[in-house]
Amino acid sequence: DVKVTQSSRYLVKRTGEKVFLECVQDMDHENMFWYRQDPGLGLRLIYFSYDVKMKEKGDIPEGYSVSREKKERFSLILESASTNQTSMYLCASSLRLAGRSDFGPGTRLLVL
Amino acid sequence: AQSVTQLGSHVSVSEGALVLLRCNYSSSVPPYLFWYVQYPNQGLQLLLKYTTGATLVKGINGFEAEFKKSETSFHLTKPSAHMSDAAEYFCAVSDRGGSEKLVFGKGTKLTVNP
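The listed protein sequences derive, respectively, from chains A and B. Going by the working numbering, 12 is the number at position 12 of the first sequence; the sequence numbering is gapless. Going by the working numbering, 1072 is the number at position 72 of the second sequence; the sequence numbering is gapless.
Isolated chain A, as found in the complex:
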């Protein structure tokens, strides 16, 4: 089974802090994704990466950046956290053309 792990289940940060969310997958997947989940809005794509050092913006990239230095690791960075970034963040990975994505358990971030 594919395992997608996220560095923290719960995180509390202060406004203005730089925040790193880490995601690691162990199945050599090319694609990795960061989604944000908010009640009543479903999941929205922030960024995705289809190869090492490659990245593309999703639907809501503002206020976020990403880094993919190794194939198995995809980091989401909040350059200066704001209260409207309080949310659940879900990482996913997939093989190209596999027709499915596998999700991590999520990180619930609270920005005070």
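Worth flagging that the hints you see were computed from the coordinates, not collected in a lab. Beta carbons: idealized from backbone N, C-alpha and C, even for Gly. Honestly, I wouldn't trust all of these hints.
Unchecked claim - Here are the computed lysine to aspartate or glutamate pairs in the DMTMM-like style, where the Cα-Cα straight-line distance is at most 25 Å:
1) A/Lys55 / B/Asp1095
2) A/Lys53 / A/Glu30
3) B/Lys1049 / A/Asp26
4) A/Lys3 / B/Glu1088
Said to hold, decoys possible - Short derived list, chain A residues pointing at chain B, Cβ under 10 Å:
5) Asn31
6) Leu43
7) Lys53
8) Lys55
9) Leu90
10) Ala92
11) Ser101
Given chain A, put chain B in place with the hints provided.
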């Protein structure tokens, strides 16, 4: 641009009753279609998917969904609800280009009453 509409943010059924969760999509070409389930404080788990072939797709936990191109629908059903089915369900689409980027509906929270 693709979009997904899930009719009903909350659905409540009795244990043993039919579960029907509705999903309609908008896409210029037939997409890949998915249903994911999320239990409290967990990530998303794939229930079933449609890519090609038979339009009636069977998934885990007794769920199935039928792709109807003419209606642009992919409704999820289960003949008899179980208490353990209580969760949030998400319908999603992706294009066929291999990027696997998902566009999600807003979710339907299923409550199962004893």
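Exercise. Which numbered hints turn out to be false for this structure?
Worked result: Hints 7, 8 contradicted; others consistent.
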